[in-house]
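Enquirer: Residue numbers (the working numbering), protein chains in the order written: chain A, 1 to 417; chain B, 1001 to 1417; chain C, 2001 to 2417.
Since the hints were derived computationally from the structure, they do not count as laboratory data. Note that the coordinates shown come from a computational prediction; the quantities given were computed from them, not determined experimentally. Worth double-checking, as some hints may not be accurate.
Cβ pair distances, simulated, as ranges [stated by the list, open to error]:
#, chain 1, residue 1, chain 2, residue 2, range
1, C, F2145, B, I1226, 49 to 57 angstroms
2, B, E1287, C, P2106, 30 to 38 angstroms
3, A, V127, C, A2034, 48 to 56 angstroms
4, A, A5, B, V1044, 32 to 40 angstroms
Among chain C residues calculated to face chain B with C-beta under 10 angstroms, some are [said to hold, decoys possible]:
#, residue
5, R2012
6, R2069
7, P2071
8, L2392
Virtual Cβ for every residue (Gly too), placed ideally from N, Cα, C.
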Amino acid sequence: MLSAADNELLTRTGRGTPTGELFRRFWIPALLEAEVPESGGPPVRVGLLGEKLVAFRGKDGAVGLLEARCPHRHASLYWGRTEEDGLRCVYHGWKFALDGQCLDMPAEPQDSSYPGRVRAVAYPAQVAGGIVWAYLGPREHQPPFPELEWTTLPDGWFHASKRHQRCNWFQNVEGELDTAHVQFLHSDLGSAYRHEAAELAAKAGSPRYIVEESPAGMLAIADRDIPGTGDKYWRITPFLLPSFTLVPSMPGNRQTFTAAVPIDDENMWGFTVTWRYDRPFDDADRENYASGQSLHVTVDPRTFVPLANMDNDYLIDREAQRTVNYTGIAGIRNQDLPVQEDQDGPVCQRDTEHLGTTDRAIVAARRLVLRAAKNLANGTAPSQPQQPTAYLTRSLAQRADGATPWRQLWAAAQPGA
Amino acid sequence: MLSAADNELLTRTGRGTPTGELFRRFWIPALLEAEVPESGGPPVRVGLLGEKLVAFRGKDGAVGLLEARCPHRHASLYWGRTEEDGLRCVYHGWKFALDGQCLDMPAEPQDSSYPGRVRAVAYPAQVAGGIVWAYLGPREHQPPFPELEWTTLPDGWFHASKRHQRCNWFQNVEGELDTAHVQFLHSDLGSAYRHEAAELAAKAGSPRYIVEESPAGMLAIADRDIPGTGDKYWRITPFLLPSFTLVPSMPGNRQTFTAAVPIDDENMWGFTVTWRYDRPFDDADRENYASGQSLHVTVDPRTFVPLANMDNDYLIDREAQRTVNYTGIAGIRNQDLPVQEDQDGPVCQRDTEHLGTTDRAIVAARRLVLRAAKNLANGTAPSQPQQPTAYLTRSLAQRADGATPWRQLWAAAQPGA
Amino acid sequence: MLSAADNELLTRTGRGTPTGELFRRFWIPALLEAEVPESGGPPVRVGLLGEKLVAFRGKDGAVGLLEARCPHRHASLYWGRTEEDGLRCVYHGWKFALDGQCLDMPAEPQDSSYPGRVRAVAYPAQVAGGIVWAYLGPREHQPPFPELEWTTLPDGWFHASKRHQRCNWFQNVEGELDTAHVQFLHSDLGSAYRHEAAELAAKAGSPRYIVEESPAGMLAIADRDIPGTGDKYWRITPFLLPSFTLVPSMPGNRQTFTAAVPIDDENMWGFTVTWRYDRPFDDADRENYASGQSLHVTVDPRTFVPLANMDNDYLIDREAQRTVNYTGIAGIRNQDLPVQEDQDGPVCQRDTEHLGTTDRAIVAARRLVLRAAKNLANGTAPSQPQQPTAYLTRSLAQRADGATPWRQLWAAAQPGA
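Taking the hints into account, I'd like the entire structure generated from these sequences.
Expert: What follows is the structure in structure tokens.
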């Protein structure tokens, strides 16, 4: 249970809100690199933290990220023309560099000093790991880029996707952290598509939770006994501020990163990246992530809204719900969507919930975010953005004999171990 | 004319509003029995009085009616799995009995006392006459079930239907009570489909109104002279609290019940039931009520929105309006919808209306509801819910010689007379 | 830049707002004459200045314009029956004359004086130049009809069209006045469809602006040198209160009138009329204005929403934007729509804009409207409505030798010169 005031604080991310300002101290995913594939290609609309932006690819492949409204009379730069060194508004031809500087006002007198004095709001953007990342905070606090593992891997070793999810960002974070739901929401009753992690979780039953803070956020450690074997099934989920989760999955040799990025307070971008660290993807990998059955969901290519969505009841098949899987909905991510998007509607009211023992990780994540947001509001900046190497970490999903401590498994699973 | 304050009071039905609390002292129609046809079938969404509920059919045919949001973390139970003894949330498998008691929390330790201490909000539901009825009020005030005539008849003697109407509930009540409009809105100019009651009303002309209170509400008695005959055409319409009307129709031997049930303050369920009291329906009866031409309208089977609706201008045919019928719209109920759904938009502003002499029944019904709502707010509960036999009554539409008093006709028309 | 308070004042036009009251002192376009083609035809919905109205054609071709809600119980008269002398509500048959007087209440006693005491809200309407004009202000201040040139021409000499534009009215006014944008927004990069005025503007470059007040409003005079020729390219745009513009176009012998009429504060009707003053339209003229490529845009015939609109990104073709024209959007008016409808969304926030030297005419128009609105609020009525001959004027787009003063060109271009 969260007080209504803390729930408000947790869920509001516009400029000037404590949690909104916290987000503005981190590099966050803004759009897929594939949305701005080439220099000179058209700009695309990007909603982030309640702000309306446009992204475009300038010369040398650099990506510009500008406030959508032209500083002149606020026509949207989305309709604009991308040029080598900037984006030009089609209304009167004002051109802006990637850093927002106005480069040209063709309707002004040629000797005017006015262009040099006008700037569009612009944010630093960086391409890494198939994603364009943005920093929307104060320039003097711009942090180093987090060393997330796949962002250093070559193309072909990872798959990055994006979806428009119609709920507040934290409902998705709770779902990503909530390892206790896998043996229910994602359980198979006999379908052809098997989900190894869910099956093992179902066999093992309900987890005990340990939560530990970590340099980039916290670890949610789920400890399950596998009855009659003496073995344990460990799932360790790193939560990385501001809103990233490394979701444990099986088999090993691959990792999944997810990010919940507010578009506004009732909509979010869900980014998902899966990478292998043993070898590049093969056809089977590619087919798997293109299938829409995993955490990567099939979306409308124009809007990024999942094809199975609230408007069509997520294509629920009530007969399949009796006989095939728990939800009657196909696909892991598709199964997450209804429970996250339909929690009191788009913003969950947490002051009337009834938490259980398996919600410990969620409670810890709320406290972590709220504490960081309040600290920042009181003048103490978050430490995590300044620790880029803390983001070079992995999740763990592993069956092991009951005697081995989790710290040993965990250490062995980390990059470079 | 109603003051803006009284209009607000009349039209608002959320929890805690005077009229909302009045509704919560009665059994009201919630959904069609056909929507939850079988034990173990999927839950369905039900909006009632501003509350979001789900209904499902448990074992033995009993119907459960729960608040949609799971008490745990508010995922909607609509996505849930119906089991023999309750409804199970798909997020973490919490199961709730028909009375709201949590029966299972599979992710909690097996010896936990937590399930016994958690309840979902649940309302009593009862199946009668093709309809699932609900009581949303305080348990200690739960009234006996009203003895509406058809609810005691066997299947095959009645037809029950439901529509989603996009306006405040009282606009529909006014239309049901407003017998003065039948010779206009519902008049034929030469169509094949004849409406006997409207024709007789047109012949007779405008009614004088008598209003009498009755144990369950009031009677609206319309007294029309049939010129040149010495006969009268009587239409007597019982209005039964909180929002039920028995609409007079011809020929005799059948009765029509309607209920206006708020979904929220700008949307309502319109329930309509027609029954015969002389014999079961035959094919002609069934065809009549399936035609969409009567008070039973053809709807989208998923949403219950009438196929002729505001979005398509109710399929109005302006050429037919010149030559075939008064509105250019086919079907009695379809003709009611535009004038009710388009009265200042969804909520009529009654402080600027100009009432006529034929609005007397409407004025009386407003006063009846407002008085009962205000009395309840002041601590005096309504008497009507405690008088179930008062609901065993019929309407009357009858041509009779002018000398016979209406009370005599009325008494003779009542069940058991 | 405009203060937020003045921006509010400029953009709000409901009853009782200063700018709304200013609009209510003028005859304004309400709908196309073609929407009410014949006496006795069905009524049509008309939104004007935040008011919901219906228009219909009575006997002798006169047009009635009534508040949509019936004074009785507010059913919409849109569903009504048009009769020789008025419009009849289908709910209870009340009939209203074109001046709003209730003519019949068939359900009231025959000797009732009630009909004579009930009036619908009705506004004077007048058909001229293919348009139904309305006056929504106080009857005692009803002005003479403005002598706009084409309203005195016979059919066949002009083309009038209407579109539903999804933005505040003043964003459109600014676009109409903003001659500086033609060489950008409307420039061709090589398409088959050539826009002579835009080409000349592009050749000449950026204008100097002179603004002069005029009896009906003001003149925006754009003065461009054509390099290397000693010639000038003059564009003179009359802005006529409350919201009319005469847009300069080439070749000569034709004129274009546009009006921005608020439906509400986030939607407007855009009326466009083009007329010739030398001869009736020929087939080429008719094809031109039917093409959707000019200031007359192709619309959905039911809603008047342009077929290229925000929902489909105005059918922008990004490849065409590189190679064919500046915007990748086909048609002059279609090119205007995205920059006007997407200026901070439907209501531009002018307190954070950065105006340039070519915005002088826009600044002047804002001041003119604001001053007139404030004066009226302070008791001084606008003079323009009382000067109908001041509306008999033309725009000018002309290349001329640099020595000729604009006043001479202007005088020679006026009607009757």
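Enquirer: Look at each hint and say if it fits the structure.
Expert: Each hint tested on the structure:
1. C/F2145 to B/I1226: 49 to 57 angstroms: holds (53 angstroms)
2. B/E1287 to C/P2106: 30 to 38 angstroms: Holds - the Cβ-Cβ distance for B/E1287 and C/P2106, about 34 angstroms, lies within 30 to 38 angstroms.
3. A/V127 to C/A2034: 48 to 56 angstroms: The hint (48 to 56 angstroms, Cβ to Cβ) holds, given that A/V127 and C/A2034 are roughly 54 angstroms apart.
4. A/A5 to B/V1044: 32 to 40 angstroms: Holds, at about 35 angstroms.
5. R2012: This hint is violated: C/R2012 lies away from chain B, its Cβ roughly 20 angstroms from the closest one there, beyond 10 angstroms.
6. R2069: holds (6 angstroms)
7. P2071: holds (5 angstroms)
8. L2392: violated (38 angstroms)
Of the numbered hints given earlier, the model fails hints 5, 8; all others are met.
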